[in-house]
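Place chain B on chain A using the hints.
Protein chains: 2
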Amino acid sequence: MTEYKVALLGFGGVNRALTQLIADRNSRWADELGFTLKVVGVSDLYLGSIIDKDGLDAQALAAVPAVKGSFATLPGGNAEPANETVIRFSGADIVAEATFTNPVDGEPATTFCRWSLEKGVSVVTTNKGPVALHAQSLKALAQSTGARFEFEGAVMSGTPVIRLAKELLAGSQITGFKGILNGTSNFVLSSMENGLDFCGAVAQAQALGYAEADPTADVEGHDVRLKVAILANELLGAQLKPNDVVCKGISQITAGNIAEAAKVNARWKLIGSAEKQADGSISASVSPQLLPADDALSAVSGATNAITFATTLLGPVTVVGAGAGRVETAFALLADIVSIHNHKTASGKSS
Amino acid sequence: MTEYKVALLGFGGVNRALTQLIADRNSRWADELGFTLKVVGVSDLYLGSIIDKDGLDAQALAAVPAVKGSFATLPGGNAEPANETVIRFSGADIVAEATFTNPVDGEPATTFCRWSLEKGVSVVTTNKGPVALHAQSLKALAQSTGARFEFEGAVMSGTPVIRLAKELLAGSQITGFKGILNGTSNFVLSSMENGLDFCGAVAQAQALGYAEADPTADVEGHDVRLKVAILANELLGAQLKPNDVVCKGISQITAGNIAEAAKVNARWKLIGSAEKQADGSISASVSPQLLPADDALSAVSGATNAITFATTLLGPVTVVGAGAGRVETAFALLADIVSIHNHKTASGKSS
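Sequence lines, in order, name chains A and B.
When you line the first sequence up against numbering that gives the first Met the number 0, it's residues 0 to 350, in that order.
When you line the second sequence up against numbering that gives the first Met the number 0, it's residues 0 to 350, in that order.
Honestly, I wouldn't trust all of these hints.
Identical copies look the same in the list; a pair holds intra-copy or inter-copy alike.
To be verified - Heads up, simulated EDC-like pairs for lysine to aspartate or glutamate below, C-alpha to C-alpha not over 16 Å straight-line:
id	residue 1	residue 2
1	K165	E31
2	K247	E219
3	K165	D30
4	K52	D92
5	K138	D30
6	K37	D56
7	K247	E117
8	K4	D56
9	K275	D243
10	K37	D92
I should point out that these hints are in silico values taken from the structure, not numbers from a laboratory.
Quick caveat: nothing in here was measured; it's all calculated off a predicted structure.
Bound conformation, chain A alone (with noise of 0.2 Å):
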């Protein structure tokens, strides 16, 4: 039985929820999916650093207080966070990487990317920052010392979009993308057509947890950007830098154009695309879009992600799933350790 290391970074809702599934469900993965992780050191910039090599209990982890440096209440631990050390020291095969998106440079989660790729440990990771601005040099970088970057979680956590349109419509002739794909800005948008105006709507997702504080990255479209600059890169061939995405949120939309809108059967979605154009660049923008009911993404209400994929052989295919959720997230970066354990299983079969 393959027994993967695993070091976390970031200690939030999602490497905890991967803490708790490896805790709840190592026996079962051996069985469906060939092997079983181990946490072998955790960093978290609020509640410190642990490492053993030996392995970390999961469930005890996965029951830390989320109070300031309260790792340095378990055997071993430290109330300080210790990123480097962990990803250098740990002898961890696995880093998941799940901490916050910083979307001006990605750091610092980029470079404890580097750290992990340099050193020939392969990344798993949920952060939207190092995929949207760094994607081509750490997957260059993963290349060459022949670890995996893989990045399902960075859009519509984990129903896996990347995947599906990079290996299962290999060939289709991807020309394009549309998608709902920030959360927040859909309840809003639905809350609004339930009969809220803007910032009532946006008070009750900040009520019921959808929203920040501050609410900007999600309703002026910036955390679409991110998105789309990563699927289009990745999909279309694109170099595009987020501030390259043409972008423009939902706080303009009133509840008179929602309610003009319900008159003609249609529905306002805040939408992230690209293009593929005749002259072979890419276009790519965020913005309000008024869809008829008939289009695939008309009807997908809520906190509830959705993407439709423009293909030349097959025509549309649309995906609907979950877009956040910490459980969810946390299936991201399942899905890419599976990933990389089928690659490691294929290749060597014939050795």
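The following block gives chain B in isolation, referenced to the frame of chain A:
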């Protein structure tokens, strides 16, 4: 550059479309997919047969008129079919099986699959018969000879639902699925929403080429029953024969039913579904169901297909896409070959 020698069984719309793709896209595939395809043999019940181990002219093949015995007009061609000769003596690496679906015993397609797999020749097929009735034994046979048995096109044409569920959702714990898996019956229901009665809607579907002269298999759910058996066996570990799937079609749905549903903002859909029960057994059925507007399948209209997978870790994941079409189904065969190629390439990397 890898070149796969392909033999085509059945030369109806699907394999003819694949042949046209080969004629048009081989050099693109060399760049994008890392392989090219060469047709070395074709056998068709109606058109006849032709073999050339050095490769047939794909453009000339694709242009052969759909006239009885017309392969005899090609150099070296024959007016009679020769399935066994094409399988055993064309030197093919891969057999693309796209003969007619026999829902009773899967023959003769199942025998064609066996002949191929016994020789270690991989099979890609869009034929529901062999998969619904004999997938387990055909997969075991393939495994024993080092061949692959791939059948993405048996459900939802080239829309990659089987591979999505098996590969990309591995570890998510799929507990069931429900889908709109027959475009003809969905088109009929959509037409009834537009005011036609059942017979008028069927006549319209026939006039547009969506329905056969005898529409029974589509509207009575027999086609969906095969697909439900395939998916339940493949994804949920069931061991169902198609007749184990409880089946009710849409022929009893009246214009009145449709109108009543519309009043409560709901829609009738022919749903094929299966679900893992608490005791580990699998329940599976085909029946008309009344879906509320917020069901992801509710908005799927016309000949489009869709399926929702229920998963424990990721919640529902819905895929909407083509369910039929010559090129769309030919893409399924291509996608199967891409999968075979990637597996082979990965296996070879370490050697």
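> Of the hints stated earlier, which fail here?
Replying inline: 5 and 7
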